[in-house]
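The numbers in full-length UniProt numbering rise by one with no breaks, and the one at position 644 of the sequence shown is 644.
Since the hints were derived computationally from the structure, they do not count as laboratory data.
These numbers come from a predicted model, not from an experiment.
Just so it is clear, CB atoms sit at the ideal spot from N, CA and C, and this is done for glycine as well.
Among the clues, some could well be false.
In the DSS-like style, the derived pairs of lysine-lysine whose C-alpha atoms are separated by at most 27 Å in a straight line are [claimed, not checked]: (1) K555 - K518; (2) K543 - K474; (3) K532 - K543; (4) K112 - K22; (5) K309 - K700; (6) K555 - K577; (7) K318 - K495; (8) K474 - K458; (9) K518 - K454; (10) K371 - K482; (11) K454 - K532; (12) K540 - K584.
Quick list of the computed label-pair ranges, beta carbon to beta carbon [as the list claims (entries may be wrong)]: (13) R655 - P593: 42 to 52 Å; (14) T510 - E698: 22 to 32 Å; (15) D541 - R702: 43 to 53 Å.
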Amino acid sequence: MTRPPPPTTLTPTPTPAGDTYKGWVFKWTNYIKGYQRRWFVLSNGLLSYYRTQAEMGHTCRGTINLATANITVDDACNFVISNGGAQTYHLKASCEVERQRWITALELAKAKAARMQAESGGGSHNSEVQSALRTLGSKVEDLSTCNDLISKHGSALQRSLSELDSLRLTGEAGEKIRQVTERATLFRITSNAMINACRDFLALAQGHSKRWQKALQAEREQRVRLEETLEQLAKQHNHLERAFRGAAQSNASADSKRKGEASDEDDDNEFFDAMEEAPEFITVPADPQFHKSVFSCFITEVGKQEGTKKRRTRIPDKPNYSLNLWSIMKNCIGKELSKIPMPVNFNEPISMLQRLSEDLEYHELLDKAAKCQSSLEQMCYVAAFSVSSYSTTVYRTGKPFNPLLGETYELDRRRESGYRSLCEQVSHHPPAAAHHVISDRGWTLRQEITVASKFRGKYLSIMPLGTIHAIFEKSNNHYTWKKVTTTVHNIIVGKLWIDQSGEIDVVNHTTGDRCHLKFAPYSYFSRDVARKVTGVVMDKDGKAHYVLSGTWDEKMEFSRVMQSSRGGENGTEGKQKTVYQTLKAREVWRRNPLPESAETTYYFTALALTLNEFEEGVAPTDSRRRPDQRLMEEGRWDEANAEKQRLEEKQRIARREREREAANQHAPHDSYQALWFEGCKDEITGEQVHIYKGGYWEAKERGSWECCPDIF
1 MTRPPPPTTL TPTPTPAGDT YKGWVFKWTN YIKGYQRRWF VLSNGLLSYY RTQAEMGHTC
61 RGTINLATAN ITVDDACNFV ISNGGAQTYH LKASCEVERQ RWITALELAK AKAARMQAES
121 GGGSHNSEVQ SALRTLGSKV EDLSTCNDLI SKHGSALQRS LSELDSLRLT GEAGEKIRQV
181 TERATLFRIT SNAMINACRD FLALAQGHSK RWQKALQAER EQRVRLEETL EQLAKQHNHL
241 ERAFRGAAQS NASADSKRKG EASDEDDDNE FFDAMEEAPE FITVPADPQF HKSVFSCFIT
301 EVGKQEGTKK RRTRIPDKPN YSLNLWSIMK NCIGKELSKI PMPVNFNEPI SMLQRLSEDL
361 EYHELLDKAA KCQSSLEQMC YVAAFSVSSY STTVYRTGKP FNPLLGETYE LDRRRESGYR
421 SLCEQVSHHP PAAAHHVISD RGWTLRQEIT VASKFRGKYL SIMPLGTIHA IFEKSNNHYT
481 WKKVTTTVHN IIVGKLWIDQ SGEIDVVNHT TGDRCHLKFA PYSYFSRDVA RKVTGVVMDK
541 DGKAHYVLSG TWDEKMEFSR VMQSSRGGEN GTEGKQKTVY QTLKAREVWR RNPLPESAET
601 TYYFTALALT LNEFEEGVAP TDSRRRPDQR LMEEGRWDEA NAEKQRLEEK QRIARRERER
661 EAANQHAPHD SYQALWFEGC KDEITGEQVH IYKGGYWEAK ERGSWECCPD IF
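Could you build all of it, start to finish, from the sequences and the hints given here?
Have a look at this one:
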């Protein structure tokens, strides 16, 4: 990187004036313009810069709060200031002496700002009021200084006018001088009145500061009480709803026993309305004369092997560090989430690669699907698997770590569960992760996911892009589907909560079977159960065979369709709904209960608790070896933030080096190649994807990792 040398002539070296330090410093801008001279002002713990001194009154180009900033020295003249977030300044002084003056002033200002922040005890309402008062006081002092200058220059002006008046000028000239003298006197009187009014206002603000603080505290406590009350009401409503359902089921069971239909065998002959509130269709009891349905696949249980390794069941509790998400996100409206540097305070101690591996929480669904004789029954299990991956997100408001380019994560559960999983971050802009799973129980899963996200102000939308593939060895059935949109609500105020919404088409490209799933968005006015999912399994001719219903956070059920017809209530667009006559619903999937420690351990599932457990023999690029993530898990968040900055800067340096090499070789802008996956065109979807090319597990068996890059 070619950087221009500083000019030989500079303005005088800046000198401290109280808590303020000003001067010209060279700031790195970009590869085209290199270092450019900027006017920097250090005041009240804030470092701001402007293109010129004239801009100070109206256009600030950037500001860093030194209380949380990291100050490092590169060489004799260069130094770097970063706040661990979206701002990093690469600066150059004209000489080593000037650089040292700036470093000393910055360190002193940082220590003072940190001390003031600590003395505030974390009370944002107190610090805001006190900061406002300090600002008011500072402005009044500025006004007072201006007043002194106005008085001084006004007196000189009046003396000059008096001297002119003594010349005994007559006529129009004398009249003009008297008018100017009167106006100058009025101007001085007005200036004094303005200064006095400002002083009175400051005194009034100081007198009422305690009252404001008490009012703010009372409002905050009242808001907390309201949130707790609403949460309690929601829990009570949930308990009542479950109790009502339980009572209804008990009554139905009692009626069944009185009619002599209590045996498991007779249950198969019971027909009823499986989806009473489905918006796209209506279900009614089928004719009892229909023959018994044989669900050979659904009643097959897959035996589990005893695991040979005992895995951990806890991680350190999440520290109680308070940090306002809105304070960081308010400047990021409309931006990509992956491009917003965030402190670890908003993360959970796993990477996006590990989060992607959590899709295998309910791998048993694919194990059972592999044993199905019917592709339509198999579709029910695959559809349920596509829904089950969202159950881990219901309370998970933390953001996973963005993987570094070349970062990998393996999940080898071959002995316990029969599968091996490998993820690799194959692209950084846009961020993309490739995932490949092979199971000894007859299935393969692969996907490449790029996460697009937008912050909309009140909520955050996360849109996973890419296709998931499931291939079954015995039948050669090849399924694909995509993910729905995840929305994080209450970014500004209130308790964060997550919703899933959208539609999924699970397609069997071998047979033409299809399942259309709809995730209903949450609505306060809806009478439907929250987080509802409905779907219909159809063959290639469009004939319905199964109806699925449930919620993405609890369970899914399926019902065999015996007959369908057009009719029923009109839909929202005046179209008639399809009426499905179904057999009794059977449960295909139910969410595993959370561990007892979930509330204090990021609401991790039993599987998630084991994902970052260190294992010997994994690749040096494995997420388990990532130091900032490990420090965060151990509760050392300040160290984790510093380490996160180091890793991100190391990644930027590596990218610049690749770009430089590519430019020298007249190659594409960034010719990065993934290590374990290779890019190609997907034969099914036509998308450009990365497919596992092999070699990872063999390298692990040999303990040969020489090909892995140094990313940590």
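Verification of the hints:
no.: 1; hint: K555 - K518; verdict: holds (15 Å)
no.: 2; hint: K543 - K474; verdict: holds (25 Å)
no.: 3; hint: K532 - K543; verdict: holds (24 Å)
no.: 4; hint: K112 - K22; verdict: holds (18 Å)
no.: 5; hint: K309 - K700; verdict: holds (18 Å)
no.: 6; hint: K555 - K577; verdict: holds (25 Å)
no.: 7; hint: K318 - K495; verdict: holds (17 Å)
no.: 8; hint: K474 - K458; verdict: violated (48 Å)
no.: 9; hint: K518 - K454; verdict: holds (22 Å)
no.: 10; hint: K371 - K482; verdict: holds (24 Å)
no.: 11; hint: K454 - K532; verdict: holds (24 Å)
no.: 12; hint: K540 - K584; verdict: holds (24 Å)
no.: 13; hint: R655 - P593: 42 to 52 Å; verdict: holds (44 Å)
no.: 14; hint: T510 - E698: 22 to 32 Å; verdict: holds (30 Å)
no.: 15; hint: D541 - R702: 43 to 53 Å; verdict: holds (52 Å)
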